[in-house]
Amino acid sequence: GQSLEQPSEVTAVEGAIVQINCTYQTSGFYGLSWYQQHDGGAPTFLSYNALDGLEETGRFSSFLSRSDSYGYLLLQELQMKDSASYFCAVRASGGYQKVTFGTGTKLQVIP
Amino acid sequence: GAVVSQHPSWVICKSGTSVKIECRSLDFQATTMFWYRQFPKQSLMLMATSNEGSKATYEQGVEKDKFLINHASLTLSTLTVTSAHPEDSSFYICSASPTGRLAKNIQYFGAGTRLSVL
Chain A
141 GQSLEQPSEV TAVEGAIVQI NCTYQTSGFY GLSWYQQHDG GAPTFLSYNA
191 LDGLEETGRF SSFLSRSDSY GYLLLQELQM KDSASYFCAV RASGGYQKVT
241 FGTGTKLQVI P
Chain B
4 GAVVSQHPSW VICKSGTSVK IECRSLDFQA TTMFWYRQFP KQSLMLMATS
54 NEGSKATYEQ GVEKDKFLIN HASLTLSTLT VTSAHPEDSS FYICSASPTG
104 RLAKNIQYFG AGTRLSVL
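As you go down the protein sequences, you meet chains A and B in turn. In this text, residue positions in the first sequence follow the numbering used here: the first is 141, and each later residue adds one. In this text, residue positions in the second sequence follow the numbering used here: the first is 4, and each later residue adds one.
In case anyone wonders, no lab produced these hints; they're calculated from the structure. The reader is advised that the hints may include incorrect statements.
[Claimed, not checked] Okay, derived cross-link-like pairs now, SDA-like style, lysine to any residue, Cα gap no bigger than 25 Å in a straight line: (1) A:238 to B:102; (2) A:221 to A:147; (3) A:238 to B:17.
Next up, chain B with everything else stripped away, as it sits in the complex (with noise of 0.2 Å):
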């Protein structure tokens, strides 16, 4: 059990677009879903954190207008880059936990996407 699913795995966009990426719970709810961003060989950074029903918590330096969050049911969160530029080129990750094993730090990830913005 406790499976997080993330969509796209991988995409490749022209700068100035946008992209939606999308993180789902396929068998538990999550009221609450995290989002990170992750350069190569460096630590996971958490970009925000998505409240079903309510505003995002965006973390300090994380522009609020560039990256959108949108946790509109219990199994669904996604993160829109708008306006994409080279610089936003990274790998994003998703994770959630279910209720009792978020208290032991236990967070289950998605795959992952990696944006790359031309």
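Excised from the complex, chain A in its bound form (with noise of 0.2 Å):
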């Protein structure tokens, strides 16, 4: 099975970096992906690894390494709508194209 642990909440300074980190345990592993949620709001992709190394798309960055089963999403410039729920997911192996999520890291934006 698949099992992906986050700290539960994570509280930074609206300008700051923070970083929420993500360990997994997979039975094969297709890449790491995250998601943001708002409270009461659908999830909304962010991004996506495969290989390891880092991936950056605007404020949002995101770290894999694949022989530690660890990765990280880092927020820069935080703004007060970040605050949100992160969510990391891996897609599971044998054949299913479906998608198992982490256990989410509550975000909260502070002035």
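From the two separate chains plus the hints, produce the assembled complex.
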């Protein structure tokens, strides 16, 4: 099966940088992705890493280390609107296309 | 592109009744759609994988007869909660992905349906 662990809550100051970690255990690995979900809303895709290293998309960057089964999402120049829950996710092996989500991290950005 | 529409967004029903939720891919075809359930402040739990033209694949612990899934076309999947009870109250979300994007774990989600069973 799959399991993904994240810190439950993170608080950071507006304008700062915050890192949200994700450690995973999977049977087969097809890349790590990140989603953002505001309260009451639907998850939206942020980034995807299939290979080791850093992927940058604007203020958001995502890192992957397959040997450590670890990744993180880096948010720079935090804005109040970044307050949301962030989920890491992996795709299962065995021919299924389903995606398993992590436990989620609630980010609160404060002034 | 890649818009997924989900209806209704909110439904309140009496215990024992059935509720149908629709999930549509508006600008792409989706042979596979996914149904999730999310409790407050928790993660998304996959309930089932909906396959166009064939039976859905349910996750362990999900009752097939209670959560009926129909994927009759390449753009529509429905989830019917039969004989709903208060413990079925939750946020249900569907997702789908255009061919090629699923390989990058990119899923597009509907807005979700908040079900309250009285």
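Q.
Output the indices of the hints that this structure fails to meet, ascending.
A. 3
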